[in-house]
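Top to bottom, those sequences are chains A and B.
The numbering of the first sequence is my numbering, which starts it at 1 and goes up by one.
The numbering of the second sequence is my numbering, which starts it at 1 and goes up by one.
None of these hints come from the bench; they were simulated from the model.
We treat Cβ as the ideally placed atom computed from N, Cα and C, and that holds for glycine.
Wrong hints could be hidden among the right ones.
[Unchecked claim] Ranges of calculated distance between the beta carbons of each label pair, as one might list FRET restraints: (1) Q22(A) x L111(B): 46 to 56 Å; (2) H97(A) x L12(B): 20 to 30 Å; (3) S143(A) x S41(B): 52 to 62 Å; (4) N204(A) x V76(B): 47 to 57 Å; (5) S118(A) x L207(B): 50 to 60 Å; (6) D73(B) x N55(A): 43 to 53 Å.
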Amino acid sequence: MICRIVLFRYTLRMLIKPKTLQFQNLTCVRDDRCLFADLSMTLPPGSLLRVAGPNGAGKTTLLRILSALHEPDSGTVQIGEVEDHLESRQEILYLGHKPQVCQDLSIMDNLMFLTEASQMKCAQAVQFVGLKGCEDSLVRELSQGQGRRCGLARLWCHEAPIWILDEPYTALDPWMVAILEDRINIHVGEGGVCVFTTHQNPTNLRFETLELARVS
Amino acid sequence: MSVEHRFLVRELKLVLARPGDFFKPMWFLILVISMVPLALSPDSKLLGEIGSAMIWVATLLALLLNADQLFRDDFVDGVLEQWLFFNRPLFWLVILKLFCHWLFYVVPLILVTPLAGMMLSVPNDVMIALLVTLLLATPALTCFSALGAALTLGTARSGILGVLVMLPLFVPVIILAAGVLTRASDGSDILPLLALLGAFSIAAATLLPLAVGVALRLNIGGSS
């Protein structure tokens, strides 16, 4: 285990260009209910932010707004110097609730489609998430946790500086959680920004917390 | 690899991974056409007269079989929202997707229609006109059904709803194609109508991907 983590640290040097993520006066109203109002924050390179709150507090909505998948009712999101959030979308790696892998394709085919990385790098990423040996199995033949690992493998071969991870721990075993936390630490250490949500207790991460309350 | 390259490779692999979807429209077409002489009459003169129109309608319906699936699997799996993170405008990805769909699903179906034509003893010159109309009209039909599929993405298992929404847009294409077929069997000039059909397809293929992109964005933004 320790041996593997040491291996990650030294074989994996990503060339990311650190960017600042900031959002100003974000407000989102859904079904006449105000999820959050006037949220502002600046996340310089190297920030790790956990968005916390009970179910229905708007965590996923906030993360989707930060990923430009959802439009806020007011407010702006900016990455680096680029004013237009849509223009800078390729700086984001978004991992959502849905598996984001195609069930009818193999793990490698999925990775090769989702990232720009070379075949070698994708194969390496598959190895890092512990799926070595089933690169060519179809995702639908894997267990749920393995499918989830396949989605996570992108973290090892994508060069986006901003990571938005929605419940990344879902369906993962403790070993994979440790590997994932280590990867997040490396990313943040290299100047990346990571925003995530989880209901579990991340033991190995040092993060700031943004608490969203459920308003009724 | 560029986004386009990755996109095309994936579409090809998907076709190979889903042979059922590839052969389904062909089976449908052949089954419908083989039923016609049984239900109508085996008179080859009568069949030759109505055959081309029958094949056209059967091909249109066979096309609709896969139309609803265009974006649905990717939407359900969440791959569709990853399209937005590619460094390309959405309408360009839609154009790529529709082109692949046309090339991998529609063109093979068109290549099977001569077999159906032989079964109904359609004259050769009419068969050629039929092939040309299908090749010219199917890009427009693919774009229309894609818009229907994109609009009804948010509704669970919409099935026929998307087709129903777009049906009025199919009508001018069918009327033009039928005009070509009548003229071809009379032996009169078919070029003007073919030009109109082609214009229809070009207009659809350039304008509709924008609308499909907006519809997809709406559905992605609405789901969480």
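Comparing the hints with the structure gives:
no., hint, result
1, Q22(A) x L111(B): 46 to 56 Å, "holds (55 Å)"
2, H97(A) x L12(B): 20 to 30 Å, "holds (29 Å)"
3, S143(A) x S41(B): 52 to 62 Å, "holds (58 Å)"
4, N204(A) x V76(B): 47 to 57 Å, "violated (33 Å)"
5, S118(A) x L207(B): 50 to 60 Å, "violated (37 Å)"
6, D73(B) x N55(A): 43 to 53 Å, "violated (28 Å)"
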